[in-house]
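Number of protein chains: 2
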Amino acid sequence: MENTINEQTTAQVITPEQFLGHYQGHRNLTRKVIEAFPEKEFFNYSIGGMRPFAAMVKELLAIAVPGLTEIVSGHTSELDENRDYGSTKADFLKKWDQDTEEINTLWKQLNAARFQENMKLFGQFEGSVLSQLQYFVDNEIHHRGQGYVYLRALDVEPPFFYDRS
Amino acid sequence: MENTINEQTTAQVITPEQFLGHYQGHRNLTRKVIEAFPEKEFFNYSIGGMRPFAAMVKELLAIAVPGLTEIVSGHTSELDENRDYGSTKADFLKKWDQDTEEINTLWKQLNAARFQENMKLFGQFEGSVLSQLQYFVDNEIHHRGQGYVYLRALDVEPPFFYDRS
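As given, the protein sequences belong to chains A and B, one line each in that order. Going left to right, the first sequence walks through residues 1 to 165 as the numbering used here numbers them. Going left to right, the second sequence walks through residues 1 to 165 as the numbering used here numbers them.
Hint data in this document are derived by calculation from the structure and do not stem from the laboratory. You may find that some hints are simply not true.
Same chains, same label: a pair holds when it works inside one copy or across any pair of copies.
[Unchecked claim] Pairs of lysine to any residue, SDA-like flavour, derived with a Cα cap of 25 Å: (1) Lys32 to Phe125; (2) Lys58 to Glu157; (3) Lys32 to Ser46; (4) Lys120 to Glu81; (5) Lys89 to Phe43; (6) Lys120 to Pro38; (7) Lys120 to Leu110.
Just chain A, with the same shape it has in the complex:
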């Protein structure tokens, strides 16, 4: 009986490595969506007064490495969605790939025990480390889904949603 209880409490729903794999899989897909955009429309196209996809990607870049750096270091930083990454899709893709490596490096400093800790990210968002990281992923899926509509409206076939390679 004691053994059964112990097995249940030690079984991991998701390991930190699986969480990272899931996140990077989604980032791989977002990269494909950036690539799929026509150069000009990446920066200019919008529907219903929403932001162009480049502005959404700026938000994702403002959250991922700066947010993870804060989670790992404990030093509060600012959420700055207006950083300049250049003026071409290639510039954004280069930054995206640099951040992919940076996230892998930062993640090594994050152990399972940290996920249930509470913190206030960017000096304003209160919640567990888990909830912060879930927000990173969910927010990326949300905006990328919007990018899919832009692509369809532009008559461009988006990548398959399940393609995370």
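Chain A is fixed; fit chain B onto it per the hints.
This is chain B only, laid out in the frame that chain A set:
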């Protein structure tokens, strides 16, 4: 030293209850998006040849309870995105609320040890129970994000992304 290792292996990144709370929070938000649609446009409006939001919601309903029932029971079922839930937004919201309760009930039969088990869902999707459930959530966020663009294009203010109550 042994104690430290033990603490790391037993720390839960996310508990089954937290996963459910996260999923239901997203489902609450999707419910608000359904509510925000004008009645006719929920069924008819589309951009770029995509499906109307009602058809996307049919997909979500086809996955959630049927998928979770299969995970819990082990009995393979069919993915049927064309079930008839009625012809009004109110019909869909009623079904949505019934499924909210059903998901809560089914979830009680799912313990932490199940998440890392492999299975083939709906007779076609191979992966761990964890990856299946992540797909349920991610796919809902993805399509709901598309619903946000429809709402903006219809000049309707969507609910805040972080409002999961």
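Each hint tested on the structure:
For a Cα distance limit of 25 Å, the shortest separation of lysine 32 from phenylalanine 125 across copies, 22 Å, qualifies, whereas the shortest one inside one copy, 29 Å, does not. Taking the shortest Cα distances, lysine 58 and glutamate 157 sit within 25 Å of each other both inside one copy (23 Å) and across copies (23 Å). Both within a single protomer and between protomers do lysine 32 and serine 46 lie at most 25 Å apart by alpha-carbon distance, with minima of 19 Å and 24 Å respectively. In the homo-oligomer, the alpha carbons of lysine 120 and glutamate 81 lie at most 25 Å apart inside one protomer (18 Å), although the nearest pairing across protomers, at 41 Å, exceeds that limit.
When the C-alpha separation of lysine 89 and phenylalanine 43 is checked against a cutoff of 25 Å, the pair qualifies only within one copy, where the shortest distance is 9 Å, while the shortest distance between copies is 36 Å. For the homomeric pair lysine 120 and proline 38, neither the shortest alpha-carbon distance inside one copy (38 Å) nor that between copies (37 Å) is at most 25 Å. Taking CA atoms no more than 25 Å apart as the test, lysine 120 paired with leucine 110 passes inside one copy only; the shortest distance there is 17 Å, against 32 Å between copies.
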